[in-house]
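Undergrad: Here is what each chain is made of, one letter per residue.
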Amino acid sequence: MVLKVISTNMAVAEAVKLAKPLVVPVYPITPQTSISEYLAQFVADGELKAEYIRVESEHSAISAAVGASGTGVRVFTATSSQGMALMHEIIFAAAGLRNPIVLVDANRALSAPLSIWNDQQDTISERDSGWLQIYAENGQEALDSVLISYRVSEDNEVLLPCMVCLDGFILTHTVEPVDIPNSEDADKFLPPYKPEHAFLDPERPMSLGAFTDPDYYMDARHDMELAMERSKKVIEKAHQEFADIFGREYGLVEKYKCKDAETILVAMGSICSTIKDVIDDLRSQGEKVGLLRVRVFRPFPRDEIREALEGASQVAVLDKNISFGVGGVLYNNIKAKMDVNAYGFIVGLGGRDITPKHIIEIINKTKNPITDVQWIGLREEEI
Amino acid sequence: MVTIGAAVKEPGSTRKNKTGSWRTFKPMLDKDKCIDCDNCVLFCPEGCINQEYDIDYDYCKGCGICAEECPVKAIKMERD
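Residue numbers (the working numbering), protein chains in the order written: chain A, 1 to 383; chain B, 1 to 80.
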């Protein structure tokens with residue numbers, strides 16, 4: 001085991017080095033920038049044998065990724081916020097073309113007002129694109145998730161791209177001890193990509209991205225829905241094999257002290273570490289609280305969430321995003337798919353700090369609900 | 001059956017898509033009036049008129065450029 005104290009962006013770069021993509025088109029944007037810099041350094045030093053394309057925008061980055069993936073090679077790209085928004089058009093195309101690209105997004109608020117700080121609006125807004133989405137809690141999970149994502153995306157049962165989402169600055173620029181797998185183990189878990197899906201080859205001409213008339217489009221989209229559903233099993237299998245090789249266990253969701261909990265909080269990403277601390281404190285005082293961390297948001301693990309929330313009297317769903325008029329997206333997805341006594345809380349938009357005090361406030365408001373959706377941590381004069 | 005990602009795995013498949021079905025107006029050539037100037041052949045954006053001035057109605061979308069460019073009005077657009 002090689003334990004290194006590194007930032008999560010460095011952990012991602014190390015993961016990419018282990019995954020050995022042949023093409024890396026990236027455009028730098030805060031707070032993803034250091035990922036693109038580390039990868040450029042790796043390529044310049046010969047540690048990563050890839051074509052590093054210095055594109056002129058994020059739209060070009062993802063377009064180059066689609067083009068490269070269409071030739072049947074492993075591809076990596078990364079972005080954040082406005083970059084993700086600029087990618088939007090091709091994000092949908094990548095999923096529809098069934099290109100198993102892996103993208104890391106450093107979660108950052110969307111303009112306006114312009115902000116470089118963290119929330120999850122950028123990737124949440126791409127939830128309907130057909131990409132798989134994983135939300136990491138820490139640097140280790142970010143590294144591991146990049147390797148797992150390639151395994152899942154490249155599986156012939158799936159063939160959908162995957163985005164690994166990291167809370168900007170909170171994770172990307174925070175250093176922590178990360179176990180970097182050795183190359184042999186990584187190769188065992190993630191062998192070189194052997195494409196069977198359609199890819200361009202002069203020996204076997206074909207057209208990718210062709211126009212479809214109403215006779216074909218809907219069925220192609222339905223096939224994506226089926227692939228998304230199948231991906232759950234593929235992810236679970238990848239998690240199992242990952243645990244066998246590296247000893248770290250992951251699930252579609254993580255249940256933290258949920259078993260006998262009367263109040264369960266549901267959240268995604270780095271905020272879950274704060275919530276776990278609060279839960280430990282409250283548990284020592286005899287309060288029955290738990291956390292359900294949604295690690296994989298797409299495919300949506302509705303059965304796992306339903307099962308975890310079954311015994312709870314009340315549920316608080318924390319969202320670092322807002323769909324105006326209806327509340328957070330995770331909250332709405334949960335309400336749509338199961339009958340639970342859940343309340344939504346909008347937190348941490350544009351980097352607004354979320355402290356243990358806020359988590360306790362949320363638990364109290366869940367026990368004594370006033371409205372279905374509430375904003376937490378607003379400036380006094382706004383309330 | 002639609003392939004994964006709607007990839008078209010056989011080359012030359014555009015021929016199967018008979019775009020003539022899009023047509024509302026059909027160009028009709030009166031060969032007696034024709035002065036063999038080749039304007040229609042050169043201007044047809046779909047390459048649907050051959051050197052004998054036969055119009056390929058499988059792919060003619062009925063844009064009417066041939067009728068517009070004909071100097072002797074030998075091509076009339078008729079409702080299909």
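What the hints contain is simulated information worked out from the structure, not anything from laboratory work. Glycine is no exception: its CB is placed at the ideal position from the N, C-alpha and C atoms. Please note that the accuracy of each hint is not assured.
Think about it this way: if two alpha-carbon atoms lie no more than 25 Å apart in a straight line, the pair counts; the simulated DMTMM-like pairs of lysine to aspartate or glutamate are [as the list claims (entries may be wrong)]:
#1 K18/B <-> D155/A
#2 K9/B <-> D339/A
#3 K16/B <-> D260/A
#4 K16/B <-> D223/A
Short derived list, chain A residues pointing at chain B, Cβ under 7 Å [said to hold, decoys possible]:
#5 A93
#6 L97
#7 R98
#8 Y193
#9 E196
#10 H197
#11 P205
#12 S207
#13 L208
#14 A220
Undergrad: Evaluate each hint against the coordinates.
TA: Hint by hint, here is what the structure shows:
1. A hinted pair counts as satisfied when its Cα atoms are at most 25 Å apart, and K18/B with D155/A does not qualify at roughly 36 Å.
2. Our distance criterion of 25 Å between C-alpha atoms is broken by K9/B and D339/A, whose separation comes to about 45 Å.
3. With a CA separation close to 63 Å, the supplied pair K16/B and D260/A exceeds the 25 Å bound.
4. For the suggested pair K16/B and D223/A, the alpha carbons sit about 24 Å apart, so the restraint of at most 25 Å is met.
5. Because the closest C-beta pair between A93/A and chain B is about 10 Å apart, greater than 7 Å, the hint is violated.
6. Because the smallest distance between the Cβ of L97/A and any Cβ of chain B comes to about 5 Å, under 7 Å, the interface hint for this residue holds.
7. For the restraint placing R98/A at the interface with chain B, the shortest Cβ-Cβ distance is roughly 4 Å, inside the 7 Å limit, so the hint holds.
8. Interface hint at Y193/A: violated, since its Cβ lies 16 Å from the closest Cβ of chain B, which is beyond the 7 Å cut-off.
9. Interface restraint check: E196/A against chain B, minimum CB-CB distance 10 Å, threshold 7 Å, status violated.
10. Against a cut-off of 7 Å between C-beta atoms, the interface hint on H197/A holds, since the closest Cβ of chain B lies about 6 Å away.
11. Here the hint on P205/A is kept, as its CB sits about 4 Å from the closest CB of chain B, short of 7 Å.
12. Using the Cβ-Cβ criterion of 7 Å, the hint placing S207/A at the interface with chain B is satisfied: the shortest such distance is roughly 4 Å.
13. Taken as an interface hint, L208/A checks out: its beta carbon lies about 5 Å from the nearest beta carbon of chain B, inside 7 Å.
14. At its closest, the beta carbon of A220/A sits 4 Å from a beta carbon of chain B; the interface hint therefore holds under the 7 Å criterion.
Going down the numbered hints, you'll see the structure goes against 1, 2, 3, 5, 8 and 9, while the others check out.
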